[in-house]
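There are 2 protein chains.
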Amino acid sequence: MKITAVDPFYLRMPDITTAADGTQDTLLVRVRTDAGFEGWGECDASPLVSLAVYCCPMSHGNIINIRTSLIGETLESPDDVVRLSEKTLRNGLDIQQIEHAYSGAEIALWDLIGQKLERPVYRLLAEMSGTSDTAHPKLPYASVLFGDTPEETYRIAVGLREQGYRAAKFGWGPMGKFGEVNDIALVRAAREGIGTEARIMIDAGVVWGTDHETAYQRAEAFAQFSPTWLEEPLSPDAVDAYGALTQKHPSVPVAAGEGSNTYRMAEDLIVHGGIRFVQIDAGRIGGIMPSFQVRQLAEQHGIQYVNHTFKSHLSLAAALHVFATNPDFSLLEYPAAGSALSQRLIVEPFPVASDGMVRVKELPGLGVRVDTAAIRPYLASVRIEVGTDTVFEQGSL
Amino acid sequence: MKITAVDPFYLRMPDITTAADGTQDTLLVRVRTDAGFEGWGECDASPLVSLAVYCCPMSHGNIINIRTSLIGETLESPDDVVRLSEKTLRNGLDIQQIEHAYSGAEIALWDLIGQKLERPVYRLLAEMSGTSDTAHPKLPYASVLFGDTPEETYRIAVGLREQGYRAAKFGWGPMGKFGEVNDIALVRAAREGIGTEARIMIDAGVVWGTDHETAYQRAEAFAQFSPTWLEEPLSPDAVDAYGALTQKHPSVPVAAGEGSNTYRMAEDLIVHGGIRFVQIDAGRIGGIMPSFQVRQLAEQHGIQYVNHTFKSHLSLAAALHVFATNPDFSLLEYPAAGSALSQRLIVEPFPVASDGMVRVKELPGLGVRVDTAAIRPYLASVRIEVGTDTVFEQGSL
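Heads up: the protein sequence lines correspond to chains A and B, in order. Under our numbering, the letters of the first sequence match residues 1 to 397, in that order. Under our numbering, the letters of the second sequence match residues 1 to 397, in that order.
If we strip away everything but chain A, and leave its shape as in the complex, we get (with noise of 0.2 Å):
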């Protein structure tokens, strides 16, 4: 089949407010062909830059567009998937900005061609690489803000026990802006709402920058209260840093990785940073292939590789694909609240089964089904003009 169209649609809540919140908006990427199929997938990045990178005018040969890469390709096979990701990739060497905008392209292509073949993406994955295609469960885990206080902290960790959660991860906020007597409280206040049964994850959303003292302080201060990881606590470039701070084997091991826009990036944490846990996200790194990438190289090391997930359950589906088969990959990162437009999004959202873990859906593709009525409310209209030019118009959804 080839391909017909590649259309990006720009969503958004009504309301945008600084909030550590990624589902207040989107950039979602359909891919048409003409046997009839659409493939879908979801960005995690700016919508706007990144629907520039679709429609961009070429500067020259190594700054050409993805819709003048993909448009008339032929797509038979997931071969044809990693191809066209090459081509599009080399196309785009000096855009910066290539692997955040394709990743929902990338994720379309991999629908697309599961659907062809009726097989789950994950299976196309386990055929590709010669490894297991059983599928199996995951633990979700919610994601959470801790509160301004450790009182706070405490009713919101309480909720999470009463809804069922066994596993939760805590963020930033106030952590590490107050001291350490207020950073341990924070995750004492967590700890004890949520009870000694559920696992608990301390985010600190790079508060410490490149202060792996600090850092491997805090990791030891926590250590009484068995979190199972300490994310981010460094900038995500920091990688010496990081292997100062692993070097001294902290008693939390240390997580990081969501910041990975390329799969080099992700491979420096691994190699020179000396992280536990990698944390991957298909709609920034260049979608489900490079994050497989990821992941085998974690399996090389004897690390963790986990998703990173802060958007719809479409991008929860490319997430669990990458990582389905792999048992001792057993966390996963679940959207459980968000916008209304990321909760609309998919006509089936993942549930969470009655044992209390996640599975991939074994459908073709992704599995999963955008709710084009549902959503079209919150469509951004885009309309770019270069010179006389109209370089993008919104298609319909």
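Since the hints were derived computationally from the structure, they do not count as laboratory data. One or more of the hints may lead you astray.
As the list claims (entries may be wrong) - No farther apart than 27 Å at their CA atoms in a straight line, the calculated lysine-lysine pairs in the DSS-like style are these:
1) B/K177 / B/K116
2) B/K116 / B/K2
3) A/K177 / A/K87
4) B/K177 / A/K87
5) B/K116 / A/K177
6) A/K116 / A/K87
With chain A's structure known, arrange chain B on it following the hints.
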């Protein structure tokens, strides 16, 4: 003084081709203050994608555009430039294109503060770092492409000798595409054409991907023609392959780094790739300060820093200030030809002096002046609408 306006301008030639000529279009950034000064910078990046980073609607606290971060801010000293860079990059943490886009604004801020303090930018950098503030001349090298055949390459090299060039870089074209015999014949022709006195550099244009064995064989085979370096034999992200190549100590030193979109990418190539020349584009890596930090890292590692500049002499000015004060870093990539747009952009381009050298300008700021009248015909006016909002409307040049 306060920043009152931040205006990107997309300029381009009437016809853009896939030729490897980065001067076919450009993105200029003008920053104005209430003190009447205006500063300019140039990005080496997709103009439309980078322009979108100046005006994209907020997505959350980590996706805030450059204009929002800068307008209304105070600018009194070099420390303010550093502070505003930290703010802008933190606000744009989840915008992959942030460094490419911000480069133009950062360079413009240095131009402004230099004008205000009546000092050339290189002196401000010397003061901040406590290093020598004496500028040294650089030996410019011409960047040309290999001819399609050894015979054509020979003619090109003879032409360069006749123009008086004492150094020239020959780039990709047929290199690496027709086997070892042809590759060697191309380099032999370049050397024989330009003569034994001149320096030659070989730019392989990432042709061998991750194949460090072939890259090593070519480096050894080219050694008989004494090239100063072999540039980008491998893909920008193939740091392990660079490491494998350089651990064999090839007879021709390896150069790379133009694809460094962040300081970490350059650091990674130096520390783990083992390169001997690091080539930095201030119009990509986030401006003058991160380039200066790579220069300092190169000094610590005892390797050579070289600019990468394939835009106008506005970019050349920014590049020169970064390493003017280090006499050991004596080579300068010098855009000699390029499009009419590129050649007309600056009122007085940098001349090659009678001693064959190029010198930084002893004038406040960058020391160059944009010829707005000359480039106005090349302005591609941009208009971007998102929903009912016009998020970008072209300012007047």
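Verification of the hints:
{"no.": "1", "hint": "B/K177 / B/K116", "result": "52 Å, violated"}
{"no.": "2", "hint": "B/K116 / B/K2", "result": "12 Å, holds"}
{"no.": "3", "hint": "A/K177 / A/K87", "result": "45 Å, violated"}
{"no.": "4", "hint": "B/K177 / A/K87", "result": "17 Å, holds"}
{"no.": "5", "hint": "B/K116 / A/K177", "result": "36 Å, violated"}
{"no.": "6", "hint": "A/K116 / A/K87", "result": "22 Å, holds"}
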